[in-house]
Structure formats: C-alpha cells, structure tokens
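Keeping their order, the protein sequence lines are chains A and B. Sequence positions in the first sequence follow full-length UniProt numbering and run 1 to 196. Sequence positions in the second sequence follow full-length UniProt numbering and run 1 to 266.
It is worth saying that the hints were derived from the structure and are not from the lab. For glycine and all other residues, C-beta sits at the position ideal for the given N, C-alpha and C. It cannot be assumed that every hint is accurate.
Claimed, not checked - Which residues of chain A face chain B? A partial, calculated answer using Cβ under 8 Å:
| # | residue |
| --- | --- |
| 1 | Pro-52 |
| 2 | Ser-124 |
| 3 | Asn-127 |
| 4 | Thr-130 |
| 5 | Gln-134 |
| 6 | Arg-141 |
| 7 | Val-144 |
Said to hold, decoys possible - DSS-like, lysine-lysine: derived pairs with alpha carbons at most 25 Å apart:
| # | chain 1 | residue 1 | chain 2 | residue 2 |
| --- | --- | --- | --- | --- |
| 8 | B | Lys-86 | A | Lys-126 |
| 9 | B | Lys-86 | A | Lys-123 |
| 10 | B | Lys-145 | A | Lys-126 |
| 11 | A | Lys-123 | B | Lys-22 |
Said to hold, decoys possible - So, partial list: chain A residues that the calculated Cβ filter (under 10 Å) puts toward chain B:
| # | residue |
| --- | --- |
| 12 | Asn-93 |
| 13 | Lys-96 |
| 14 | Asn-140 |
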Amino acid sequence: MKVISIILGLAVAFAIWIFVSHMNNVPKLDESVKSAWSQVENQYKRRADLIPNLVSTVKGYAKHETELFTEVTKARSSVGKITITPEMLNNPNAFKAYEKAQSSLGGALSKLLAVSERYPDLKSDKNFLTLQSQLEGTENRISVARRDYISSVKKYNIELRTIPGKYVASFLYPEAGIKPTFSITKEDKALPRVEF
Amino acid sequence: MIKLVISVLLFGILYADITFPKLTGRIVDTENIFSSQQEQTLSNILQTHENNTSNQIVVVTLKDFNGITIEEYGYQLGRHWAIGQKDINNGVILIISKNKQKVRIEVGYGIEGSLTDAKSSNIIQTMTPYFKNNDFYNGTRQGVKKIISTINNEYEPEHRIQNTTSNHLLMLLLCTVIVVRAKMSNKIITSLLSGSIYAVISWFVFFSIIITILAFLGFSIFSFFTPKRKPNDYYSSSNFSSTRSSFRGFSGGGGSFGGGGASGSW
C-alpha cells in the first residue's frame, strides 16, 4: 500500500513537473516567432526603401529599359500594399500572398541588376556601386532573417505537435495553431548576386 | 515525389552541421598566412581597440566554408563565437580565404549603423589589390585599420569594464570561500558561511530572492556533508585553472550577427 502511494505520488509530481515546465513554452516561442518576423519585415522594408534610388540611378544610364522600370515599380507598390500584422502570421493565405509579392519584387530587382551589365558607364558609377552593395547586403540579411524565422516557427510548431507540449497547449492555449512559414526555396540557399 | 526529395535535400543543406574553428585568439589563422610576428602586431591593434571601445574584432582565415557561401558561413560563425559584447552586439569578423580567394566583413547587429554594407564594401575594395599580390598581411592591416577608424566612436569601453569587474567580484568571493573553508575547522559555521557566500554570488547572478535562499540552503547543506579538502587540492584541480585561463584569454562577449557586411573576391 505504502509503495503504491509513493509511486502514485511520484507520478503526480512528475506530471505536475512536466506541466509546469511546458506551461510557458507556447507564449515564449510565439514571442520569438514574432520578433523573428519583425526582423524579416524590417529587412524587406529596407530593400523596398532602396528601390527609388536604385531605379533613378539606373535610369540615368539606361533610359530605354522602361519595361523593366515599370515592372520594378509595380512589384514594389504591390509589396507596399501587403502588410502583415503578427496576428496574420497564423493565416497561411495571407502569408503566401506576402511571400509571393516579395519574391516577384526580388525577381524584378535581380533583372534590373543584370541589365546593368550592358551599360559599362553604369557599372562604374560610384552611386550605383554603393547602391549595389547595399542591395546585396540587404538580400543577405533577408535570407538570414528568413532562415531565423523558419527555425523559430519550426520550434513553435514542434512544441504544438509533439507530446507533452501538445497536451499542455491544448489545455492552456486552445487557440494556438500551427504557423505557416517560408517555403525553403533556392533563394534561401543562394543569394541573387551579380558578378562582374 | 521529386519535390519531396528536393525539399528534404534542401532542408538537409539548410540545417546541415557546420564545423567552426576554435576561437583561439583575436587572429584565428587556420590557413597559416601570417607569421607569428604579424599575428602579434594585428592582435595588439585589435586588443587596444577593444580596450578603448569594447568593440570586438576578430580576423579569421579559412580554407573553405563547409560547402556553403561565405555569407552563410560568416554570420553563423559570428553567432557561434558570440563576438561582440552582449546586448550591444558590437562585433566584427574579417573572414579571409586565400584558398577560395574570398574576403568578407561580417558586421554585428550593433555596428550595422556605422559600418554599413556600402562602407564595408569600400574597405574590401581597398584590401583586394594587396591580396592579389599575395600581400595578405598589409591588406589585412589596412582593412583592420579602416574598420577601426569607421567604428571608433560607436561605443564606450564601460560595457566591457562592467563585465570584468563583476567577474572579478565572483572570483574574489570564490577565493574567499576556498580560503575560509581551508582555514576554518568548525563545520557548521564553515558551511553556513560558504552557503551565504554562494547566496551572495547567486544574488548577483540571478537577482532573485528565491534562488538566493535556495542557493544558501543548498550550499550550506552541501558543504556540511562534503569532506574538507586541503587548500592544495583547489589549486591543482583542473576546474580552477581552466576558469583562470579563460579570464586571461580571449572569448566572445555574447554578441550576435544578422548578415550585415559585404563580401568580395580577387
């Protein structure tokens, strides 16, 4: 009898310990996802801010590429229209739309940089070189921020999907759901970069 | 099916284990491109800079980047070594690979404002002509000096001094425990004393009353039941000497990186 009650007591203590140790995981991980997201957003915003300067510099040398300029400007304005609040991070459709808009802007930008290859004067313009290094740096930061975001969402989702976090979360945070994340594309591997 | 395989592969690459060289000092020359004299000179420049500003700069030479790009490797190396002071993230790593003919300035979060990507890129452009002529020492020295002059006014040295004084305080308290325990013979008083000293330490470390009380009780009981050691034991124990050497040597201050900086090749 005594043995059974000791074992039962230990089991209850163990269950309580597990519960307590997982109690704050969901909000904690949720906060780290949010802060990782704000990094992603900052860096994307930074890229968008570079565009007007970049376009006007390239325009000075390559007037005929009007099609490209409109593509970049269009992509930029469509990116500007989509803002994601932390609450929207749980919405896969909003997330997908955001990612799509950003990647089409990225594509337009790399085309713009590729075009500069054809204009030797532009390639040696100091202003352009500065902008180019800023853009490269920003693209690199974007990929770092994306990777950090992917790994923080992964931690969050694992907590929600595995035992015992799953049970604790369904009891304490029934509204918490699996979060969508960036699809791991080639862009997360290699940076769009223009070689001279 | 193919999609699945690709995504698994990419996932594997993305989270593949990367190996990092050991942080042996301010100059980690795994390619052996500097003489020991040159290494000393560079290291002194960097140390003086850290003493004046708390900024940590490390120069590392690498044969390769574990199959990933220098950009991907660089920020992870920075995070692994934790170069720069905690919370202000004022670290810079200058990565050079003679083998891959690549160079990168990796900038910690806290310095991105002064050592911008464009400025880093400019600095790299002044270094690569030297590298082309195989003059790695002068190229690196130029680069380091330019980095220093760019970030010289960013931070005050207080951040670092605070850090070391609290470390010294801990060391002092630990030494007191050791000496007192060696000299005192009354077991109850000794254990209460060391318990309270550990409590003070934990107060400084955690700033939490509960942990302090727990530490007091725990260490009092612990030291009551552990046999008393002779003072010599403490000095010969590897634990003590390793803490001591890490106080003298160089280690990262806890800074983090987010991909800022610029790269170049020659």
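**Study point:** Ascending list of hint numbers which this structure does not respect
**Key:** Hints 1, 2, 3, 8, 9, 11, 12, 13 not satisfied by this model.
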